[in-house]
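With the hints as your guide, set chain B onto chain A.
As given, the protein sequences belong to chains A and B, one line each in that order.
In terms of this note's numbering, the first sequence is residues 50 to 159.
In terms of this note's numbering, the second sequence is residues 646 to 760.
It cannot be assumed that every hint is accurate.
As the list claims (entries may be wrong) - Sample of chain A residues facing chain B (criterion: CB under 7 Å; computed from the structure):
hint, residue
1, Arg92
2, Leu93
3, Leu95
4, Leu147
5, Phe149
6, Lys151
7, Gly152
As the list claims (entries may be wrong) - Below, simulated DSSO-like cross-link-like pairs (lysine-lysine); rule was C-alpha separation at most 27 Å, straight line:
hint, chain 1, residue 1, chain 2, residue 2
8, B, Lys665, B, Lys686
9, A, Lys58, A, Lys151
10, A, Lys71, A, Lys106
11, A, Lys122, A, Lys106
12, A, Lys151, B, Lys711
13, B, Lys709, B, Lys665
14, A, Lys58, B, Lys709
15, A, Lys151, A, Lys64
16, B, Lys686, A, Lys122
17, B, Lys659, A, Lys151
18, B, Lys665, B, Lys700
19, A, Lys151, A, Lys71
20, B, Lys686, A, Lys64
21, B, Lys686, B, Lys711
22, A, Lys106, A, Lys151
23, A, Lys122, A, Lys64
24, A, Lys114, B, Lys659
25, B, Lys659, A, Lys106
26, A, Lys71, B, Lys686
27, A, Lys114, A, Lys58
28, A, Lys114, A, Lys71
29, A, Lys151, A, Lys114
30, B, Lys709, B, Lys659
31, A, Lys64, A, Lys114
Calculated directly from the structure, the hints in this document are not laboratory data.
All figures in this text were calculated on a predicted structure; none of them were measured in a lab.
We treat Cβ as the ideally placed atom computed from N, Cα and C, and that holds for glycine.
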Amino acid sequence: AQRVTQPEKLLSVFKGAPVELKCNYSYSGSPELFWYVQYSRQRLQLLLRHISRESIKGFTADLNKGETSFHLKKPFAQEEDSAMYYCALRGPSGNTPLVFGKGTRLSVIA
Amino acid sequence: GAVVSQHPSWVICKSGTSVKIECRSLDFQATTMFWYRQFPKQSLMLMATSNEGSKATYEQGVEKDKFLINHASLTLSTLTVTSAHPEDSSFYICSARVSSYYEQYFGPGTRLTVT
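So that you can see chain A by itself, here it is in the shape it has in the complex (with noise of 0.2 Å):
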């Protein structure tokens, strides 16, 4: 059964600390992972897709096949990094829908 794991409901970090937001998978196979992000009013939009290896806004994401895990990390967090952060996967080549994991609220303190 396909399943995202986020261990953590609320990560609360500094201004200018690293953030690192957890995110373990079980797949039967190579799924894609994905980081999605929810700014407060606003819809959910792609932040991140291991296929890609991107930085975006900072933010990294590495995909550990021996662990099953694909932690989202930043090393200096911002306010504007408040938000709720969604991994998800889908199955290769995109054949099955995205499935979530329960999200963890990042909040940035000033």
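Structure of chain B alone, referenced to chain A:
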């Protein structure tokens, strides 16, 4: 970028009535649309997947006769909640994509309150 709209953004209806929610892809043709449901402070739960011109595929536990999905064109999908009950009150979000390789784009959501 690709935009997905939903209408209405907020609806209140009486128990026993039906309500229709529209999802449109504004600047692209969506071969596949998805409907999710989100309870307060919880994650998005996939309800169904619909391909244009085909019957929707519902997730386990989602009542097909209660949540009617129509994907009549490449830019429009509708979700009709039939005989709504208070427990159907939720945030409904649609998502659309061009094809399987591409990103899923999300609508802003529709908040349904059944009184």
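Here is what the structure says about each hint:
1. Arg92: holds (5 Å)
2. Leu93: Check passed: Cβ of Leu93(A) comes within 4 Å of chain B, closer than 7 Å.
3. Leu95: Status holds, d = 6 Å.
4. Leu147: With a closest approach of 6 Å, the Leu147(A) hint holds.
5. Phe149: holds (5 Å)
6. Lys151: holds (4 Å)
7. Gly152: holds (5 Å)
8. Lys665(B) with Lys686(B): holds (24 Å)
9. Lys58(A) with Lys151(A): Judged against 27 Å, a Cα distance of about 8 Å means the pair holds.
10. Lys71(A) with Lys106(A): Holds: Lys71(A) and Lys106(A) sit about 18 Å apart, inside 27 Å.
11. Lys122(A) with Lys106(A): Holds, at about 11 Å.
12. Lys151(A) with Lys711(B): Within the cut-off at roughly 25 Å; holds.
13. Lys709(B) with Lys665(B): Holds, at roughly 15 Å.
14. Lys58(A) with Lys709(B): violated (32 Å)
15. Lys151(A) with Lys64(A): Measuring from Cα to Cα gives roughly 24 Å; hence the hint holds.
16. Lys686(B) with Lys122(A): Given that 27 Å is the threshold and the Cα spacing comes to 23 Å, the pair holds.
17. Lys659(B) with Lys151(A): Cα-Cα ~30 Å, so violated.
18. Lys665(B) with Lys700(B): Satisfied, since the Cα-Cα distance of roughly 17 Å is no more than 27 Å.
19. Lys151(A) with Lys71(A): Holds - the C-alpha atoms of Lys71(A) and Lys151(A) are around 11 Å apart, at most 27 Å.
20. Lys686(B) with Lys64(A): Roughly 24 Å separates the two Cα atoms, so the pair holds.
21. Lys686(B) with Lys711(B): Since the Cα atoms of Lys686(B) and Lys711(B) sit roughly 24 Å apart, the hinted pair holds (cutoff 27 Å).
22. Lys106(A) with Lys151(A): holds (22 Å)
23. Lys122(A) with Lys64(A): With a Cα-Cα distance of about 14 Å, the restraint between Lys122(A) and Lys64(A) holds, given a limit of 27 Å.
24. Lys114(A) with Lys659(B): violated (49 Å)
25. Lys659(B) with Lys106(A): The given pair, whose Cα atoms are some 44 Å apart, is violated under the 27 Å limit.
26. Lys71(A) with Lys686(B): holds (18 Å)
27. Lys114(A) with Lys58(A): Holds - the C-alpha atoms of Lys58(A) and Lys114(A) are around 23 Å apart, at most 27 Å.
28. Lys114(A) with Lys71(A): With a Cα-Cα distance of about 14 Å, the restraint between Lys114(A) and Lys71(A) holds, given a limit of 27 Å.
29. Lys151(A) with Lys114(A): Holds. Lys151(A) to Lys114(A) sits at ~21 Å (cutoff 27 Å).
30. Lys709(B) with Lys659(B): Distance of about 21 Å is within 27 Å: holds.
31. Lys64(A) with Lys114(A): Given pair Lys64(A), Lys114(A) is violated - Cα atoms ~31 Å apart, limit 27 Å.
Violation of the numbered hints given earlier is confined to hints 14, 17, 24, 25, 31; the remaining hints are satisfied by the structure.
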